[in-house]
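Residue numbers (my numbering): 2 to 154.
Hints were generated in silico from the structure; no laboratory data involved.
This structure is a prediction, so every number in the text was calculated from the model and none was measured.
We treat Cβ as the ideally placed atom computed from N, Cα and C, and that holds for glycine.
Hints are not guaranteed to be accurate.
Unchecked claim - Pairwise CB distance ranges, derived in the manner of DEER restraints:
| # | residue 1 | residue 2 | range |
| --- | --- | --- | --- |
| 1 | E41 | V125 | 30 to 36 Å |
| 2 | W83 | W57 | 14 to 20 Å |
| 3 | G99 | T66 | 31 to 37 Å |
| 4 | G99 | R127 | 22 to 28 Å |
| 5 | I61 | P96 | 34 to 40 Å |
| 6 | G119 | E41 | 35 to 41 Å |
| 7 | S131 | V71 | 20 to 26 Å |
| 8 | S131 | T34 | 18 to 24 Å |
| 9 | P124 | T28 | 21 to 27 Å |
| 10 | P84 | P124 | 19 to 25 Å |
| 11 | I117 | L8 | 15 to 21 Å |
| 12 | R79 | W24 | 17 to 23 Å |
| 13 | W24 | W57 | 15 to 21 Å |
Said to hold, decoys possible - Computed list of lysine-lysine pairs in DSSO-like fashion (alpha-carbon distance at most 27 Å, straight line):
| # | residue 1 | residue 2 |
| --- | --- | --- |
| 14 | K38 | K111 |
| 15 | K38 | K81 |
| 16 | K111 | K81 |
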Amino acid sequence: MSENQRLFHCTPGAVFRVLGNGWLFPTWVVGATRMRKVDEHWPAEGAMLHHSFGTWPLVIDDTTTVLTFVPDQLLLVRAKGWPAGEADVLIEATPAPGGCVVTIYEDAVKGPGTMIPGFLRHPVLRWRNSETLRRLAFIAEGQSGRSTPEAED
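Given these sequences and hints, build the entire structure.
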């Protein structure tokens with residue numbers, strides 16, 4: 002399983018306000034290009050995001066489903082991205098001095114992606130999720146009125 006961590010200069014609540022707005026999903030998830038529908042009860046367990054990924058005109062419609070949700074602590078989803086397959090993605094926020102540490106874990110759980118050896122799959126996921134956390138930080142910190150040091154450069 003790949004793992005990324007980042008210090009966010011905001012509270013876990015600020016992070017989960019972003020995660021709780023399904024319409025923001027394509028702004029912080031690398032590869033997601035548009036939203037088609039967000040279930041009314043998002044991010045409750047069983048709720049789905051109906052999104053697309055890829056670059057037009059090669060856009061594929063798929064879904065992400067909440068498996069576990071603990072407000073202001075964790076969100077576990079099953080992200081579908083066929084024909085590549087499906088992945089479980091866990092996002093945790095832990096209070097820390099100056100804000101919170103957000104950790105994202107991801108791994109393929111179904112489909113062709115599971116046939117790629119971990120030593121090849123995990124570095125790609127870590128690279129992608131490094132950018133995903135960067136985008137999520139910009140939004141969460143920006144909405145909370147705080148900015149990252151790199152945003153000030």
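Status of each hint after checking the structure:
no.: 1; hint: E41 x V125: 30 to 36 Å; result: 34 Å, holds
no.: 2; hint: W83 x W57: 14 to 20 Å; result: 18 Å, holds
no.: 3; hint: G99 x T66: 31 to 37 Å; result: 33 Å, holds
no.: 4; hint: G99 x R127: 22 to 28 Å; result: 24 Å, holds
no.: 5; hint: I61 x P96: 34 to 40 Å; result: 37 Å, holds
no.: 6; hint: G119 x E41: 35 to 41 Å; result: 37 Å, holds
no.: 7; hint: S131 x V71: 20 to 26 Å; result: 24 Å, holds
no.: 8; hint: S131 x T34: 18 to 24 Å; result: 19 Å, holds
no.: 9; hint: P124 x T28: 21 to 27 Å; result: 25 Å, holds
no.: 10; hint: P84 x P124: 19 to 25 Å; result: 22 Å, holds
no.: 11; hint: I117 x L8: 15 to 21 Å; result: 30 Å, violated
no.: 12; hint: R79 x W24: 17 to 23 Å; result: 20 Å, holds
no.: 13; hint: W24 x W57: 15 to 21 Å; result: 19 Å, holds
no.: 14; hint: K38 x K111; result: 24 Å, holds
no.: 15; hint: K38 x K81; result: 15 Å, holds
no.: 16; hint: K111 x K81; result: 9 Å, holds
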